[in-house]
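Residue numbers (the numbering used here), protein chains in the order written: chain Y, 8 to 374; chain B, 8 to 374; chain L, 8 to 374; chain R, 8 to 374.
Note that the list lumps identical chains together, so a pair holds whenever it fits in one copy or between two copies.
Quick list of in silico lysine-lysine cross-link-like pairs, DSSO-like style, CA-CA up to 27 angstroms:
1. Lys372 / Lys253
2. Lys275 / Lys291
3. Lys291 / Lys279
Simulated from the structure, these hints should not be mistaken for laboratory data.
This is what each chain is made of:
Number of protein chains: 4
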Amino acid sequence: MFDSKIVPILLSSPDDVSGLERMIDSGEINPHDIKGLNISHEGDSYARAFSQVAYATMLAKKLDSTVEEVLRTMPMQGIAGVAGFMTPHIAVFVRSEVEGKEGKEKRMVVAGANTREFLPEEAGTMAQLEGVAETVRALMKEAQISDPKDVHFVFVKGPWPTWDQRADAQKRGKKTVSDDENVIGQYSRSASALGVALALGEVKAEDLSQEAFMTTRETLYSNIAHCSSGGERKSCSITLVGNTTKSVSKSIVGHGLLEDGLDTDGVKRILKDMGFKFNCCPTKKDQARIEYAFLKPKTAEVSEIRGYRHTMNTDTWLAPYWWLVEKAGPHALVGSVLGTTLFEVATGFEHQGPPGKPGLAVIAKAG
Amino acid sequence: MFDSKIVPILLSSPDDVSGLERMIDSGEINPHDIKGLNISHEGDSYARAFSQVAYATMLAKKLDSTVEEVLRTMPMQGIAGVAGFMTPHIAVFVRSEVEGKEGKEKRMVVAGANTREFLPEEAGTMAQLEGVAETVRALMKEAQISDPKDVHFVFVKGPWPTWDQRADAQKRGKKTVSDDENVIGQYSRSASALGVALALGEVKAEDLSQEAFMTTRETLYSNIAHCSSGGERKSCSITLVGNTTKSVSKSIVGHGLLEDGLDTDGVKRILKDMGFKFNCCPTKKDQARIEYAFLKPKTAEVSEIRGYRHTMNTDTWLAPYWWLVEKAGPHALVGSVLGTTLFEVATGFEHQGPPGKPGLAVIAKAG
Amino acid sequence: MFDSKIVPILLSSPDDVSGLERMIDSGEINPHDIKGLNISHEGDSYARAFSQVAYATMLAKKLDSTVEEVLRTMPMQGIAGVAGFMTPHIAVFVRSEVEGKEGKEKRMVVAGANTREFLPEEAGTMAQLEGVAETVRALMKEAQISDPKDVHFVFVKGPWPTWDQRADAQKRGKKTVSDDENVIGQYSRSASALGVALALGEVKAEDLSQEAFMTTRETLYSNIAHCSSGGERKSCSITLVGNTTKSVSKSIVGHGLLEDGLDTDGVKRILKDMGFKFNCCPTKKDQARIEYAFLKPKTAEVSEIRGYRHTMNTDTWLAPYWWLVEKAGPHALVGSVLGTTLFEVATGFEHQGPPGKPGLAVIAKAG
Amino acid sequence: MFDSKIVPILLSSPDDVSGLERMIDSGEINPHDIKGLNISHEGDSYARAFSQVAYATMLAKKLDSTVEEVLRTMPMQGIAGVAGFMTPHIAVFVRSEVEGKEGKEKRMVVAGANTREFLPEEAGTMAQLEGVAETVRALMKEAQISDPKDVHFVFVKGPWPTWDQRADAQKRGKKTVSDDENVIGQYSRSASALGVALALGEVKAEDLSQEAFMTTRETLYSNIAHCSSGGERKSCSITLVGNTTKSVSKSIVGHGLLEDGLDTDGVKRILKDMGFKFNCCPTKKDQARIEYAFLKPKTAEVSEIRGYRHTMNTDTWLAPYWWLVEKAGPHALVGSVLGTTLFEVATGFEHQGPPGKPGLAVIAKAG
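This is chain Y alone, in the form it adopts within the complex (with noise of 0.2 angstroms):
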C-alpha cells in the first residue's frame, strides 16, 4: 500500500533549498520518497534554472547521488512567476510503501517521472506527444489507477528549445516546428497537452497529428493537463496525482472547471464534488482540511470577461507580461474560498480545457 502527500515549502529566493533539507534531515520527509518538485519562485527563466541546480545539488547529497543523476531523473518543474498575493515556495510530492489493507475508499497518490530527453527538432511534436503519454500511463500503473477518471491533475513541464539549441538543430540540418519562439513553446505545450489527453483517454489517436496542434486547441483538449515549457529542460517533467484504493493517505484530490476567472461558485462545486458539506461558503473548518491546490488561469487565452475587455494583451506596459498577471486576480479569488494563498499558478492554455475555463486541482484531508 501507498502514503502520499503534497508538502509546500516557503523560499525565500529560488535556490533555497534550506526547508526540505532540514525536513530530509529532522526525518520528516525521506528523500528516497520524493517523487517530483514543484518549485514556483519569482525571477526569470535563468532563475528556473539555478533553482532546479541548487535543488539537484542538495538531493544528490541526501541520495547519494550526482547532480547530473538528479537533474535527469527527479522531476522538476520549475514555475518562474508569483504574481500578486502569490508567494515563491515549492510543493514536494511524496509516497511510500507502507503497511494496510486496500479499503473501498480511494485515496491520493502521487507519481512523477522524465519522459527521454528530445532533440530541439523534436520539440513540440507527435514524437514529444507520444513520449508524454507512454510516461504518464507508466506513472497511472506505477501508481495503481487504472481507471483514468481516478486521475485528478497532470503537469507536464517540456522543453522549450533556446536560440542556440536551435541553432544546433540548423547545424545538423534538422528544423525545429517553427522559426518563431513563441510558436515552438506554444507547440510544445500543445503536444504535451494532447499526450496527456491521448493517455487519459480524452482525444482519440485519429485525431492527433502535428496539423492538429494549436489549430484543434478548443475543441480537442485535457482538462487534467497543466502545462508548461522552457529552455531549461530537454525530457518532459512529468508528475501524477490521483486517487486510489491502494492508498491510505489521508488525503483526496479532486478537480474541476471554473466557467471563468472569476467564477467563486465553481470553486465551491469543486469542493462539494470532494466531499465537502456547506451551505454557501466554506467554514474555517472546512478551510482547514485544504492543503494545496493547481490553477491555470486561461483567462488571457480570451479577450473580455464577464462581457468587458481586459488588456492583458493590449496594454502597452504590460502585455509582454501578460503570463505572468493573468495569474494574480484568479489566484486571489481561488485563494479567498480556499483560506489559503500557498498553492500554484501556472499559466499554460494550449489544448488544456476549452478557451477561458480555468481548471483547478485540490488536495484536501479525506472528510
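Once you have looked at the hints, place chains B, L and R on chain Y.
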C-alpha cells in the same frame, strides 16, 4: 434638492469619448450636471493627458466653452493602469437640482472641483495640503453635507512635477520638495491625503507639518481619501461622494476598510453596514443593487499577506510595475463579492488608511 | 522655383508645440509651407496620438482650419521611442515657392501627403501598397523630380489596426490580413515599403502580390523607404525628400546603406558621395554642414553583429523592447561621425533594404 | 617574474562553461593561474548567481576543490545586462610565474581576491570601504606594483542585501544603511569606489565618512574603480589590472576618461597615451593590437548629452532599465574605434569619476 448618480461607461481606448457623447446627445446626461470624470484606461501617463484632452474637447462643444476652460475647471482624474480583469471605463459624477422635499433618509450626493494650480515647488508641501483641505470643505458645503461622517469617498489627483517643471523651478531659483521623482510623488499624495484628513477631522491641524509627510503615515491618515498624482496636473482635481438628506438620489454610498487584500468578509461587512441584508453571501438581487465602487489596494505597501511574503516589490520582472500588479488580486476578489468588475481601482497608499488595509467605497441603489 | 528646408525643434514633452509655434509667430516658418512633421518623442503609442492632436490643434489655429482637417491632410509621423542618447524633437518639412532660375545643380526639395484612409481589412494588403505607390508618384511630380534616383528618403507611417478596429472589421464580416497583431504590423510596413519600391522602380509590379509580403523581404525591397505603423493612423502618411534642379534650397540630401550597425566607414562614404571632401574623418567644418539625418537600424533583424550574437531579441528583460534598444547603438555611432545627435531613428525593417544593413539619409548644406 | 593575460571567451548562456573548460583541458589555461572571472551575460540577477555556481562547479573539479571553496575564494563578478551590440562572454584574468629578468618596460599584471564577507548591516558602510581598501593594497603588493599610478583598472562587485538578508539583520536588532533597496545599492557601490580611491591615494582618509557617501560623489571619486553590487555577494570580489616591470606579459593596460558618451576623440587619446601612433583613426593594424576593454558609461547619471536631454531616466517604458540602456550607445561608439565589440560594459557611477564622464581601460598588445 439634489439628484445624483455615478454613471460608468466603457471605453474602447483612452480617447474614446463616444459613449458619454451619446448620452449627452440623447439627453440622458445634461453636460452642465457633470461634476467630475474619473477615467480608468490602459496606457502610460501620456495616455492620461491624451484622454483628458479628448474629453475636454468634446465637453467644450457641449458646454459652449473652450478646451482650456474645461481642463481648468472640470475635475478629470486619469487613472492609467487597468490590470488583470479590470476594464477601461469612465465614471461620470452627475448632480442636478430637482424639485423635492427633504426627508429623513440620506441619499447620495456628488461634488467636484479643482484647486488652484500649484507651482512645481509647492507640490507636496503644506500649501498643497491646505489647498486641498479648503476645496474639500467647499465641496462639502456645496453638497450640503455638514457632518464629515457623511463623506464616504474623496478622490484627489494632484501634481507630480515632471523633469521640465522641475527644471523650471530650478531656473527660478526654487527647490522642489525632493530631487527624487518618486519622493515628490509620495509627498504630493501625502499632502492630498492629509488635506482631506484635515478637512474631515480625521487628523488635527497641530500634528501636520512638512516633516510629518511620510514619516507619520502609519498613524496620521484619512480612511476616506484616495490619492493619486500625475505629471499632467498642476492643480489638485477633487471629487467627493457622500450622503445627505438634501438628496433624492436613488443611490447611497458607504465605505470601510478591509483587513487585507483577501478579506471577502470585509466587503460583506461594508455592504451590511449600508443596509444590505444577506446571510452568508450577497444574493443576485443584492448584487443587482451595486452600481459602482472605488477600491484602493494598499497591498504592495506591505511585503507580506497572511504571513507569506509576496514579490510585488522585489520581482526582477515586475517590481517596477508593483502599482499596476497590486490592483489585479483585490479587484478580482472584491468583484466576486459585488458581482461586477466594472469599478475603479487606484493605487496610492500614503497617509490613506492604515498600512496594508485596502479602502473600499461602494455605491448602491438604496434598499 | 522651390525653397526647402528641414527644421529640427526640441520638445520638452510629446505635446510641447511651443517651439514650432514660436517660429510660426515670428515668421520664420510660414505654416502654409509645412509639408510634414516627423515627431520623435518619449512615451507609448498613446503619446503618439496625443502629440499629433496637440500639433493639429496648434496648426489649425495658424492655418485657420480645424483639428480634424489638419489631422486628415497634414502628414504627421509619430515615432515613439527615443533610446540612449536620442532626444525628443520634431523635424518640420518646409517648402515654399520662390523667385529664381533653374540651374544645373540639384538642391533639396521636400513633399508630403496622406493617402486615403484604409479599412482595417485593407491594412497590409495590395490596396495599401497601391495607395502608397500612387501617392509617392504624385509627390515626385509635385516636387518636380522625374528621375527616381533623385529621391533619397521616403517615410511612410501606415495603419496598424488596434483590437477595436479589428473587432469592427469582424462585425462587418471582414477579415484582417492576420489575427496576430504583430503580423498585421509587419504586413502594413511591408505594403508601405513595397509601395515605395514600386513607385521608385526598385521592384517590378509583376513580382508583387499578397504572398510576397514578408516571404520575399530578403530580395524585394526599397533602399529609400523607412516605414513604421501605428494604431493612431488609418491613412498612410508620407514624406519625401529628394534633389531637383527646380530647387534653390541651401541643402542637399544623400543616402546609402551601412554594412552593419557599427559601420563608421559607411557613414563617411555617404558623406563623400554627397560631395564632402575629407581625408579620414569629417572636420568640424564638415560637421557644421550637417543639418539632419534619418537612420533605420535594421540590427535586431539579424541575431549577430560582426560574428558575435547579440541578445536584443532574446534577453529576458528587454526582448519585448528590441525595437527601442536597437536604436541606441547605431544612433551613437552615426552621431559621432555626423557630429550631432539631433536626428531621427525609426525602427522598421520589412522590405526596407537588405537584412542587417542600416539605411541612412543625410541632409547637409550644399558645399 | 609574472606573465599575465586577459582571455575573453564567448558564452551561449549564463551557465555555459564549455569554452573555459576546453581551454583548461587543452592546457591553454592552467586553472591555478586564474585570478578572477568577469562574467557578462543576459538575464536577471538570478542568472548571475546561476552562472557563478556553474563556473564554481566546473572549476572545483579542475582545482580539486569544492564548489563552496571556489565561490568563497575566486573573484567572480557577474555583470547581468548585455544591451545593444554587446555579446555575452567571460573575461578570464590569468597570471603565472615564469622565468625572466626584470626590464625597464612595464607590462600588464592582474590580481584578484575577495574581501571577508560583510553582514547585511555592514554593506555600504565604512567597514566595507576599509575592507576594500585593505584588499586593494594587498593586491598591489601581490602584483608587485608600488606606484598607484600603475594601477589602471579595479573592478569591485560588492554586496547588495536582498530582502531576506535585510530581514535577517532586523531580527538580530541591526539596521542596514537604509530601508530603501536602491539606496543600499548606491551606498555599497560608494563604499567600494571610495575604498579603491583610498588605497590608490585618490582621496584622503580624513575626507571619508559615512556622511560622505553619495553627498560628495561629485568631488571625491576614483577614476580607476568600476563598482557594481549584487544580492548574490556577501564579500567584495575584486580584480585589479596594472603595469609593472616585474611582468613579461605581451600586454599593457591604459586608461582614461571620456568627456561624454560620444567622445570618439577621447578613446583615441587613451590609445595614444598607451603608445599607439596613428594620425586620425587607428589603423586595422592598430585595432589588431586591442585585446580587451572595460567601459563604465556614466551617461544616465546626467540628464543631458551635448546640450540635449535624453530620456533614459524618464521614459515611461524604459526608465526602470536605464542601467541597461545606457550601455548600448557608448559600447557601440567605443567598439567602433577599438574595432571590436567583445569587451565589458558595467554600469555603476557612484564616486567613480566625475559625473557624466565615462571611464575606459584598454588592454592591448605592447607596441
